[in-house]
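Engineer: Sequence:
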Amino acid sequence: MAAPPIAIANADDPRVAEFRDIRERDLTGREKRFIAEGTVVLRMLAEAHAEGRGFRAEKILLLRNRVAGIQPILDRFPADVPVYVAEADALAGIVGFHLHRGVLALGRREERDGAALVDALPERALVLVGCGISNHDNAGSMFRNAAAFRADAVLLDETSCDPLYRKALRVSVGSVLRVPHRRGGKALDLLLALAERGFAIWTLSPHGKTDIRAIPAAARMALVVGTEGEGLPEALLARFHSARIPQSDELDSLNAATATGIALFSMASAMGRI
1 MAAPPIAIAN ADDPRVAEFR DIRERDLTGR EKRFIAEGTV VLRMLAEAHA EGRGFRAEKI
61 LLLRNRVAGI QPILDRFPAD VPVYVAEADA LAGIVGFHLH RGVLALGRRE ERDGAALVDA
121 LPERALVLVG CGISNHDNAG SMFRNAAAFR ADAVLLDETS CDPLYRKALR VSVGSVLRVP
181 HRRGGKALDL LLALAERGFA IWTLSPHGKT DIRAIPAAAR MALVVGTEGE GLPEALLARF
241 HSARIPQSDE LDSLNAATAT GIALFSMASA MGRI
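Per full-length UniProt numbering, the sequence shown starts with residue 1, numbered consecutively.
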């Protein structure tokens with residue numbers, strides 16, 4: 001059961017300092033904290049907190065008139081998570097923008113062993129690997145696709161952006177808090193670790209050798225996608241299987257989010273997941 005709401009009248013109140021001027025000082029990367037925006041992401045955070053997925057809520061900040069409508073979500077948080085409420089003027093003074101629609105939370109990620117995540121993958125598994133994914137919208141969309149097509153994990157190399165950046169988290173509609181993931185390490189090391197564990201590795205490129213629809217099903221499969229423009233390094237494309245999504249010759253490629261969705265759908269279908 002959630003704690004009784006605590007009124008905040010002044011934008012300078014130190015109890016909500018972490019929410020101040022979020023756009024200019026995003027908390028991703030600071031002491032493992034992140035900002036969750038909106039009702040859907042708040043619900044995902046409540047689920048992740050309750051189910052021990054490695055994310056916890058530290059505090060919640062709401063527009064006063066939103067409290068009654070999301071009370072069932074608030075009741076999923078333990079009583080030691082403070083819920084602060086403010087009127088519109090005070091909230092605007094704290095946060096500095098309105099896209100959050102009056103629902104914000106400060107979350108914290110717990111330390112998790114990345115190798116343990118890979119070792120814990122089931123005997124039949126589908127994994128999405130991102131290399132150099134620097135666009136936060138693409139990162140969020142990739143997680144949303146991974147959740148939609150029942151991927152077991154998302155692995156991002158050290159050059160990819162943090163998926164807990166608030167925009168990526170919002171675009172993912174909270175899927176970053178649902179799909180197990182890790183970020184770090186070199187792309188080749190990630191893929192070799194998967195290959196050692198019996199994964200069929202498929203890189204995605206407009207010039208891939210195999211039509212995505214012709215990929216043979218395997219018990220363990222990994223889809224590897226790169227950043228828009230440059231795509232995946234040639235060294236990775238040459239070392240592992242490569243696949244392409246057939247498309248018009250008038251366009252050189254799809255954006256990373258769309259391509260990932262199509263490819264995951266195809267692979268999940270081949271595995272009988274959807």
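Honestly, I wouldn't trust all of these hints.
Quick list of in silico lysine to aspartate or glutamate cross-link-like pairs, EDC-like style, CA-CA up to 20 Å [stated by the list, open to error]:
#1 Lys209 - Glu230
#2 Lys59 - Asp13
#3 Lys32 - Asp12
#4 Lys186 - Glu87
#5 Lys32 - Asp162
#6 Lys186 - Asp252
#7 Lys59 - Asp119
#8 Lys167 - Glu18
#9 Lys167 - Glu234
#10 Lys186 - Asp113
#11 Lys32 - Glu47
#12 Lys32 - Asp75
#13 Lys32 - Glu158
#14 Lys167 - Asp89
#15 Lys59 - Glu18
#16 Lys167 - Glu51
#17 Lys209 - Asp162
Think of the hints as simulated: they come from the structure by calculation, not from any bench.
Engineer: Next step is simple, just say for each hint if it's right about the structure.
Structural biologist: Results for each hint:
1. Lys209 - Glu230: 18 Å, holds
2. Lys59 - Asp13: With a Cα-Cα distance of about 14 Å, the restraint between Lys59 and Asp13 holds, given a limit of 20 Å.
3. Lys32 - Asp12: Distance of about 23 Å is beyond 20 Å: violated.
4. Lys186 - Glu87: 46 Å, violated
5. Lys32 - Asp162: Distance ~11 Å between Lys32 and Asp162 Cα, so the pair holds.
6. Lys186 - Asp252: Status violated; Cα separation ~27 Å.
7. Lys59 - Asp119: It is violated: about 33 Å lies between the C-alpha atoms, which goes past 20 Å.
8. Lys167 - Glu18: 17 Å, holds
9. Lys167 - Glu234: 30 Å, violated
10. Lys186 - Asp113: Satisfied, since the Cα-Cα distance of roughly 16 Å is no more than 20 Å.
11. Lys32 - Glu47: 19 Å, holds
12. Lys32 - Asp75: 25 Å, violated
13. Lys32 - Glu158: 16 Å, holds
14. Lys167 - Asp89: Violated, at about 23 Å.
15. Lys59 - Glu18: Satisfied, since the Cα-Cα distance of roughly 9 Å is no more than 20 Å.
16. Lys167 - Glu51: Not OK: Lys167 and Glu51 at ~24 Å, beyond 20 Å, violated.
17. Lys209 - Asp162: 31 Å, violated
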